[in-house]
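Trainee: What follows is each chain in one-letter form.
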Amino acid sequence: MLDPTFDPAARDRGGPAQPLLSVTGLVKHFGGKRSWRGGEAKGAVRAVDGVDFAIAKGETLGVVGESGCGKSTTARLVMQIIKPDAGEIVFDGEAVGSRALDLEAYRREVQMVFQDSYASLNPRLTVEDTIAFGPRVHGVPRREATGRAHDLLAKVGLEPGRFAGRYPHELSGGQRQRINIARALALQPRLVILDEAVSALDKSVEAQVLNLLLDLKAELGLTYMFISHDLNVVRFMADRVMVMYLGKVAEVGPSDVILQQPSHPYTGALLASMPSTDPDNRTLEAPLFGDPPNPIDPPSGCRFHTRCRHTSAICANVPPPLAAVRPSHEVACLMAQPGSGHPLAAPLRENAA
Amino acid sequence: MSSPSSSPVPTGQPLVETKDLTVDFTGGARPVRAVAGVDLTLGAGELVALLGESGSGKSVTLRALMRLLPERRATTGGSIRVDGRDVAALGRKELARFRGGTVAMIFQEPGLAFDPVYRVGDQIAEAVMRHEGVSRRSGRARALELFERVRIPSAATRLDNYPHEMSGGMRQRAMIALALACRPKVLLADEPTTALDATVQIQILLLLRELQREFGLAVIFVTHDIGVATEVADRIAVMYAGRIVERGDCRDVIRAPAHPYTRGLLFSRADHAFTKGTRLRTIPGSPPDLTALPPGCAFAPRCAEAMPACSAGVPEEIAASETHVARCILLRPGVQSRTDATAAA
Amino acid sequence: ESVVRYGISLADIPLTSGQPDRGAGAYQFTGYTLYDPLVAWEMDVADRPGKLVPGLATKWEVDPADKKKWIFTLRDGVKFHDGSAFDADAVVWNLAKVLDDKAPQFDKRQSAQVKPRLPSVASWRKIDDKTVEITTKEVDSFFPYQMLWFLVSSPAQYETLGRDWDKFAASPSGTGPFKLDKLVPRERAELIKNADYWNKSRLPKTDRMVLIPMPEALSRTNALLAGQVDLIETPAPDVVPRLKQAGMTIVTNVTPHVWNYHLSMLPGSPWTDVRLRRALNLAVDRDAMLELLNGLGKPAIGQVDPSSPWFGTPSFKIKHDVAEAKRLVKEAGYSPEKPLKTTFVIAQGGTGQMLSLPMNEFLQESFKEIGIQVDFKVVELEALYTYWRKGAKDEMSAGLTANNIAYVTSDPLYAIIRFFHSGQVAPTGVNWGYYKNEKVDAILDEAKQTFDPKKQDELMAAAHGLIVDDAPLVWVVHDTNPHALSPKVKKFVQAQHWFQDLTTIGME
Amino acid sequence: MMAVTTVDSVAPPVLAERLGRGYWAGVLRRLSRDPVAMTAAAIILLIVLAAIFAPYIAPADPYKSSMIRRLRPIGTPGFLLGSDELGRDMLSRLIYGGRLSLVMGVLPVICAFVVGSFLGVTAGYAGGWLNTIIMRTVDVFYAFPSVLLAIALSGTLGAGITNAIVALTIVFVPQVTRVAESVTTQIRNRDYVEAARVSGARAATIVRVHVLGNVLGPIFVYSTSLISVSMILASGLSFLGLGSKPPEPEWGLMLNTLRTAIYSQPLVAALPGVMIFITSISFNLLSDGLRSAMEVKA
Amino acid sequence: MLAFTLNRLIYVTPVAIGVTVVCFLLVHITPGDPLTAILPADATLELQEQMKAAYGFDKPLPVQYALWFWKVLHGDLGNSIATGRPVATEVLRAVKNTLILATVATMIGFTFGTLFGFVAGYFRDSWLDKLASFISVLGVSVPHYWLGMVLVIVFAAQLGWLPPTGAGPDGSGDWRPDAAHLRYIILPAVTMSVIPMGVIARTVRALVGDILSQDFVEALRAKGMSEFGVFRHVVTNAAPTALAVMGLQLGYLLGGSILIETVFSWPGSGFLLNAAIFQRDLPLLQGTILILAMFFVMLNLAVDVLQTALDPRIKRG
Ligand SMILES: Nc1ncnc2c1ncn2[C@@H]1O[C@H](COP(=O)(O)OP(=O)(O)OP(=O)(O)O)[C@@H](O)[C@H]1O
Ligand SMILES: Nc1ncnc2c1ncn2[C@@H]1O[C@H](COP(=O)(O)OP(=O)(O)OP(=O)(O)O)[C@@H](O)[C@H]1O
Ligand SMILES: [Mg+2]
Ligand SMILES: [Mg+2]
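Chains as they are written, first to last, in the numbering used here: chain C, 1 to 353; chain D, 1 to 345; chain E, 1 to 508; chain Z, 1 to 298; chain X, 1 to 317.
If you are wondering where the hints come from, they were derived from the structure by calculation, not from laboratory data. The C-beta atom is built at its ideal place from N, Cα and C for all residues, glycine as well. Hints may contain errors.
Claimed, not checked - DSS-like cross-link-like pairs, simulated, lysine-lysine; straight-line CA separation at most 27 Å:
(1) E:K368 / E:K326
(2) Z:K245 / E:K330
(3) X:K71 / E:K390
(4) E:K393 / E:K341
(5) E:K167 / X:K71
(6) E:K130 / E:K69
(7) Z:K245 / E:K67
(8) E:K69 / Z:K64
Unchecked claim - These stretches of chain X come out as covered by chain Z in the derived footprint (C-beta under 8 Å, 3 or more residues):
(9) 7-21
(10) 135-144
(11) 147-161
(12) 287-301
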C-alpha cells in the first residue's frame with residue numbers, strides 16, 4: 001500500500017547527511033560482438049563507462065553534456081530500466097535490489113520524466129488512466145487512484161474537469177509534459193529523474209514547466225536529477241552540476257562554482273560555446289573544434305584529449321581519475337591533479353615541501 | 001562586432017522584399033493560415049534572424065520565398081521579389097535556375113536533407129553541373145574546394161562519404177558547402193544549428209558569419225533561440241502566429257523589446273533569472289491555433305497587457321525606436337499600458 | 001514420314017522396359033507396341049469382342065495328362081529390335097525377370113506390375129528351343145488369359161546395356177511393331193515403325209507415333225482443338241459438342257469396363273437384403289447418366305454387356321423403374337421420409353472412374369428419391385484401391401457399405417471370378433463385399449476345369465445370370481472408351497476393348 | 001499485499017474497456033467517411049448475410065441435380081444464373097458456396113491472428129532466448145513460399161476442409177507472428193512502456209494495458225489484409241481438389257468442376273471466380289481503408 | 001561484403017536445416033501408405049510389405065531422416081516411386097520450366113508494377129493515383145487461376161489467338177526462346193504476372209510516397225534540380241527495396257505456380273507437384289518441395305545480399 005501521506009520526508013531513513021542516491025562504477029556497453037573466448041566485447045557502444053556520483057537529499061543534480069555522452073543511459077540505469085554491466089546503486093543507504101530495498105519498493109521511491117512528451121504517453125489511455133496506472137499497480141483502489149490523479153492534475157496546473165478524460169493527442173506539448181510529471185509524482189517518489197524534460201518545449205512553455213518543477217520540489221520535498229544540454233536551464237535549476245563527456249564524468253560540483261570557474265577544460269569549452277546574450281559581445285572564436293568522437297571507439301587516456309587545447313602527450317595515455325579539487329568538487333583532468341605529469345598541472349605538494 | 005545598419009528598412013535596392021506575404025494550407029479539414037502578412041526586406045550582405053516559437057510560420061516563410069510549398073495544397077498571397085524578380089512569375093526553367101542559383105537553403109536536419117543513397121560529393125557536384133553546365137569532374141573539383149572552405153577535415157576522402165557516414169556537425173558543414181556551391185546571393189537557413197550540440201553549434205555559427213561576410217550574402221536565419229540570433233544577426237524579426245510582430249536592429253530588439261511577446265520571450269529565458277530558485281517570468285497559455293486565429297492581435301489572449309482595442313484589428317507597424325518597429329497598439333501615441341496605468345493610479 | 005501425335009490420359013509415359021506400369025490401360029502404349037505377349041488379344045476388330053489369338057506362341061495346350069501343365073509352342077524367326085533372336089531361353093529368362101527374385105535379371109519394378117497378374121504360375125521350364133512348359137498352381141482353364149500380361153523383352157539388349165534396367169528403359173528392345181526412338185520422361189515417347197515386324201497384318205499404318213501424356217481431360221481436349229495433337233483419349237464430355245463443331249470425330253465402342261458400386265454383404269450392412277440391392281439398381285436413370293456423359297458411355301445392366309457371350313439370361317431385368325424401387329425399399333422398411341442412411345467410399349476421379357464426382361452426385365440424388373440417403377467418403381483413387389484390396393471387413397472400411405472402383409472386365413477371371421467367387425475375398429482377390437453364392441462358386445469352379453472355350457462361355461453365362469439376379473453390385477454404365485480424332489486421322493480401328501491397337505492408327 | 005493482486009487483476013479490463021471510446025471510435029469514424037471502404041464493407045456484409053441466410057434466400061436446393069437441365073445459360077427462367085454441370089441452380093449454389101468459402105477463407109486468418117499474436121507478442125515482449133526460439137522456428141516456415149506450403153501441407157495431410165484450414169493457418173501464423181513481433185518490439189521500447197515498467201507493473205499487466213492495446217490494432221489490420229489472400233488460397237486448394245469435397249458448394253471447387261464447361265457455357269463457368277474475386281477485392285479494399293483510417297495521427 | 005555474405009549464410013543454415021526437417025516430416029505425417037502408387041491396383045498385402053522393406057519405409061523416423069538427409073547432402077533426393085527416375089533430375093527439369101515462366105511473369109509484373117507504382121506515388125491522391133492503385137488492388141485480389149481460365153476462354157476458346165495449354169508445339173515439354181514457344185508462354189505469364197504486378201505497384205507507391213515526403217526531396221528542389229533530376233533520386237532510393245520485392249515475388253511465383261501450371265498444363269514444378277500429390281509419390285513430393293523451398297531460401301539470401309550491396313545506408317558487417 002502506498003503511503004497515505006504526501007510527505008516523502010516521513011520515509012527518510014538515513015537522515016539528511018546520507019545521500020539519497022549514490023552511484024559507483026556504473027558501466028553500460030551496448031551491443032558489440034563478444035568473442036567466444038570471453039573478455040571485452042568488440043565494437044560495443046561504451047555509453048556509460050564508469051560513472052560515480054551522489055545526490056543529496058533535497059538537492060537538484062544537473063547533468064549536462066553533449067549528445068550521446070550517456071546522460072539518458074545513466075538515467076535509465078539509475079531507473080533500472082536497463083541493467084548495468086557493472087556498478088552499484090545505493091538509495092538512501094540501501095543497495096538497490098537488496099532484500100531491504102527490492103525493485104518494487106525502489107520504484108516507488110524513484111520516478112522518471114522522459115524527453116519526448118508524446119512518446120512517453122500511451123496514446124490509447126486517457127490522461128487520468130495514465131496517471132492512475134502506477135497507483136493501481138501498487139494496489140490502490142480504482143476510485144482512490146482516480147481521485148489522486150485528479151489531485152495531481154490540479155497540482156500540475158491542469159483543471160481535472162477539462163483534462164482528465166482527454167487523450168494525449170488532444171493536448172499540447174507543454175500539457176503533455178505536465179501529465180508526464182503528474183504520472184511520475186503519482187507514486188509519491190522521493191527522487192525524480194528529469195531526462196531532458198523541457199528540451200522539446202518552446203521557450204515560453206519551457207519556463208512554465210520549469211516553474212512548475214520548482215514549485216513541486218518545494219511543496220513535496222523532492223530531489224531531482226535534472227538532465228539537460230542547456231547550460232542556462234541547468235544553471236537555473238541545479239544545486240550541483242555533473243558534466244559528462246563520452247560516458248564518463250568530467251567534472252561534478254556545486255553549480256555556481258562549476259559554471260563560474262570550471263576546472264575541466266571541457267566544461268570551460270561548453271560554457272564558452274553558449275551563444276552570447278549581448279550583441280556587442282559576440283563569440284569570436286570557437287572554443288572547440290570538431291564533433292565529439294564516436295563512443296564505439298573512444299580516445300584512449302583522457303577521452304577529451306583529442307579536442308582539448310591543453311592536451312599533452314600524457315593525456316593520451318593516462319585516463320584521469322575523478323578527484324576532488326576542493327570539497328564536493330571533483331574533476332577528471334590531469335591538469336587539476338598535482339603531480340599528474342601534465343605540464344600544466346601543479347607540482348605535487350609533497351615534492352615541493 | 002560591427003553592424004552599422006540603423007534603419008528598419010535597408011537603403012538601396014533590397015535583395016529580398018516581401019509584401020503582405022500570406023500562405024494558406026488548404027489540404028486539411030480546416031484551412032490553416034500559416035503566414036498572415038509578412039513584410040520583410042533584406043539587402044545584400046545583411047543577415048536577418050527570423051525568431052519565433054514552433055509553428056509561428058518561420059519555415060513556411062522561407063519555403064514561400066523559394067516557392068517550395070506544395071502548389072496544390074498551399075496558396076501564397078502577396079508579393080515576393082528576390083533580386084529584382086517576381087518569384088511568383090518565374091517560369092519552370094527560371095525557377096530551377098533561381099533555386100540554388102540565386103537563393104540557396106540550409107536545412108535544420110542535414111542528415112535528412114541529403115539523399116541517403118548518393119555520395120555527398122556527388123550531390124554537390126550535381127548541383128554545380130546543373131547550374132553551370134560543367135562536367136562532373138569540375139563539379140567535384142568545386143565540391144572539394146568548398147569542403148575545404150567549410151573546413152571539413154580530410155575533405156578529399158569525405159567527398160566520397162554517404163551522409164550517414166558523417167557526424168552531425170560535418171553534415172551541416174557539407175550542407176553549407178552545397179548551399180554555396182553555385183554562388184547564390186541569398187542564403188536561407190532554417191534552424192541550421194538546432195540539431196547540433198552546443199560546442200558544434202558555435203562553430204557552425206561562426207562559419208556562417210564568416211562566409212556571409214566573405215561572399216557578401218544576404219541571409220535569412222531562422223531560429224527559435226534568441227541567443228543564436230544575438231550571435232549572428234544584423235537585424236531581428238520576431239514572428240508570432242504567422243506575423244512579424246517586431247523587427248529592427250538586433251541590439252535594439254534585444255535590449256529594448258517593444259512587443260510584449262518579445263519581452264515575454266526574453267524574460268522567460270532561464271539565463272535571465274539571476275537568482276537561482278526565483279521563479280521565471282512566463283508567458284501564460286500556449287501558442288494559438290492557426291485554424292482559428294483571434295481577430296486583431298494574435299498574442300492578445302496571452303498578453304498581460306491586453307485591452308479591448310487589441311482585438312479590434314491587426315495592429316500596424318509602429319516605430320518603437322529609430323531602428324525598430326513593432327505591431328503593438330501600446331506603441332500608439334496616447335495608449336497606455338494597463339500595468340503602467342495601474343502603477344499611475 | 002507420317003507422324004501421329006496422340007494425347008494420352010496418363011500423367012507420364014509408362015515404363016518402357018517390358019512390363020508397363022500405370023495400370024492395365026498403359027499396356028496399349030508401351031506394352032503391345034514395343035513388345036509382344038505369348039498369347040495376344042485380338043484388337044483389330046471393332047464389330048465384335050476380341051478373342052485370344054497367337055502372339056509369340058503359335059499354339060498353347062494343356063497337357064492332357066497333367067492339367068496343370070501348359071505347353072507353349074513358340075513362333076519361329078522372330079527377332080528382337082536389337083537383332084537377337086527370340087527363343088525359349090528368352091521366355092524363360094523373362095519369366096524369371098518378373099517372378100524369380102533370386103534371378104540376376106529380376107526387376108522389382110516390372111515384377112510389381114505383373115506378378116499379381118500371373119497368380120497361377122508355379123514354375124516353368126524350357127523343353128526345347130521352340131517349346132516352353134509352364135506349370136500352374138492348380139488346374140486353371142483360364143490361365144492363357146493371364147499370359148496376356150506377360151511381355152518379352154530382349155535378354156541380349158539387357159546384357160549390352162550393362163544389365164541395367166534403367167538404361168534398358170531408355171533404349172528398350174522387344175519384338176513389337178514399334179521401336180522406341182525417343183523418350184522424354186513426362187513429356188513424350190516417340191515410337192517408330194518396326195518394318196521387320198513378324199506380323200505383317202499388324203504393321204503400323206504410320207511411320208511415327210508420338211505419345212504425349214496429358215492427364216487432364218480438358219487440357220487434352222484443348223490440345224486437340226489447338227492442333228497440338230491429332231487424336232486423344234477420353235475427351236471431356238462437355239466439350240464433345242465443341243469438338244464435333246470443330247470437325248473432330250468421336251469414336252466410341254463397347255468396352256469391357258463397368259462403373260459400379262460394389263456392395264458389402266457383411267452382417268450389419270443393409271445390402272444383405274436383396275430387395276434393397278435390386279432397388280438401388282432400379283433407381284438408376286442410366287439414360288440421364290448418358291446425358292451427363294454426353295453419350296460417351298453405355299448403360300450397364302450387368303457385369304458385362306448383353307452383347308457378351310457371358311451375359312446369360314438373368315431373370316432380374318435391370319432398368320429404370322422408380323416405382324418398383326420405391327416399393328422394394330418400402331418392403332424393406334424404409335421410405336423417403338424415413339430414409340436408410342449409409343456411406344459409400346468413392347474416388348475423387350482418376351483413370352477409369354469416368355466423371356467420378358458428378359456421376360456420384362447424380363446417383364446420390366437418385367437414391368435419395370427412393371429413400372436411400374447415401375453419404376460419400378471421397379478419397380484419392382490410389383487410396384480407394386487400398387480400401388478395395390483390403391476388403392469390406394478391414395477396419396479401414398468400418399461404416400462403409402459400398403465401394404466405387406470401376407474396372408476392366410476383359411476376361412473371365414477379371415470380369416467375374418475375382419469378384420464373385422467366395423474364395424476370392426481379401427487378401428486373395430477383390431470380392432470386396434464378401435459375396436457368397438454356392439451355386440455361383442460351383443459353376444466357377446467347374447469353369448476353371450473346363451478347357452473347351454464354348455463350354456466355358458456357357459458356364460460363365462450361367463454364373464453371370466445368377467449374379468445379376470443377386471445384384472451384389474449396382475451396375476451403372478460401361479465406358480465406351482471414347483477417342484477424339486482430328487480430321488487428319490483417317491484410320492483407326494477401335495476394338496471392343498479397354499486397349500487399342502496403335503498400329504491401326506494412320507493418317508491416310 | 002494480498003489486496004494488490006486482487007485489485008491488480010481487475011484493473012486492466014476496466015482500463016481496456018475504456019480504450020474503445022477514444023481511439024477505435026475515431027478509426028471507425030474515419031473509416032465511415034471512406035466511400036470505397038464502406039462500399040467494400042457493404043458488399044462483404046451482403047455476402048456474409050447471404051451465406052448465413054442461404055436457406056431462406058436461395059431460390060432452389062443447391063444439391064438438387066437434373067441431368068436434363070444441365071449447363072443452362074445465365075438468364076434461363078428458373079435458373080437466374082444458369083445451371084451447373086449437374087443441372088443444379090448456380091444462383092443457389094453461389095449463395096450457399098459463400099458459407100464454405102468464407103469459413104475457409106476467414107477462419108485460418110482468425111486462427112492465425114490468435115496464435116500469431118500470442119507468439120509474436122510473447123517473443124517481442126520477452127526477447128532473449130524465447131524470442132530466438134519462436135522467431136527461428138517461424139523463420140523456417142517463412143522459408144517456404146506460402147502457396148507452396150499451403151499446397152504441400154494440404155497435399156500431404158490429405159484433401160478436406162479441416163486439413164485445408166489447418167494448412168492455411170500454418171501458412172499464416174508465421175506471417176502474423178513476424179508482424180506481431182516487430183510491432184511489439186517497437187512498442188516495447190516506447191517511453192510509455194518504460195514508464196509503466198518504472199512504475200513497478202508486472203510484465204503481464206504492462207502487456208495487457210500498454211502493449212496489447214497498441215499492438216493488436218496493427219496486427220489486426222495486417223491480418224485483415226491476409227483474408228483476401230486466404231480466400232484466394234482456400235479456393236485455390238479446392239480448385240486443385242485439396243479443399244472441400246463435392247457435392248458441397250464451394251466457389252473454388254465449383255470453378256474446378258465447371259472448367260470443362262468453358263466451351264459450352266463460358267459465362268456460367270466463370271461465375272464462381274467472379275464471387276471469389278469480388279469477395280477478395282472487397283476484403284482488400286476494406287483492409288486498405290482500415291489501414292489508412294488507423295494511420296491518421298489525430 | 002564477403003564477410004556480410006558469409007554472415008548471412010551462417011544465419012541461413014539453421015533455417016535451411018529446419019526446412020529439410022519440415023520437408024521430411026511433411027511426408028511422414030501423411031496418412032496412408034507411401035507405396036500405393038508403385039503397386040498395381042490389385043497387388044496383394046504380402047507384396048506390399050515386401051516393397052515397404054525394399055524401400056526402407058519400415059525403419060524408425062529419425063533413422064530415416066538421417067539417411068535421407070545424408071543422401072540429400074550428396075544431391076540424391078531418391079527415386080520417384082511412380083517412375084523410378086531420380087527425383088533430382090525430374091525436379092530440376094521441371095523447375096527450369098517454372099523458372100522461365102516465373103521470370104517472364106516477374107518481369108512483366110515488375111514493369112507494370114513499377115509503372116503503376118510510380119505514377120500512383122508521384123501523383124498521390126489524383127485520379128491517376130486512384131486508377132493505378134485500383135489496378136494494383138485488382139492485381140492482388142484476383143484469383144489468378146480463375147483469371148487464367150478467363151483468359152483461356154477469351155483468347156484461346158473464343159478468339160483462338162493463342163494456344164490454351166502446354167509449353168510449346170507438339171506438347172513440347174521444354175520451353176525454348178523461339179517464336180513457336182513464345183506464343184505458349186504469353187497467357188500463363190500474363191496471368192502469373194498479375195500478383196507481382198499488384199504487390200510491386202503497392203510497394204512502390206508507398207515507397208515513392210515515403211521518399212517524396214522526405215526532406216531531401218525538398219532539398220533537391222531547393223538546389224534547383226529539375227523534376228527529372230528529382231525523379232532520378234527517387235528511383236535510386238526506391239530501387240533496392242523495389243528490386244528486393246521483385247526478387248521475393250519471383251520466389252513466391254516459383255513456389256506458387258502450381259495453380260497456374262494446372263490451368264495451363266505448364267510442365268513445371270507445380271505441375272509435377274500436383275502429379276506427386278495425387279499419385280502420392282512421396283519422394284517426388286518431398287524432393288519438389290525441398291528444392292523449391294531451398295531455392296526460395298537462397299533467393300532470399302541473394303536478395304538480402306544484393307539489397308545490402310545496393311543500399312549504402314545499411315551497414316555491412
Ligand atoms: N539501446 C541502445 N543500444 C545501443 N546503443 C545505445 C542504446 N541506447 C543508447 N545507446 C548509445 O549510447 C550512447 C549514449 O546514449 P545516451 O542516450 O545515453 O546519450 P545522451 O547523453 O542521452 O544523448 P542525448 O543528448 O542525445 O539524449 C549513444 O552513442 C547512443 O547511441
Ligand atoms: N504542408 C503543410 N500543410 C499544412 N500545414 C502546414 C504545412 N507546413 C506547415 N504547416 C503549418 O504551418 C504552421 C507554421 O509552420 P512552420 O513550419 O513554418 O513553423 P516554424 O515556425 O518553422 O516552426 P518550427 O520551429 O517548429 O520549425 C504550422 O502550424 C504548421 O502546422
Ligand atoms: Mg538523452
Ligand atoms: Mg521550422
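Trainee: List in ascending order the numbers of the hints, as given earlier, that are violated by the structure.
Mentor: Of the numbered hints given earlier, those the structure breaks are 2, 3, 7 and 8, listed in rising order.
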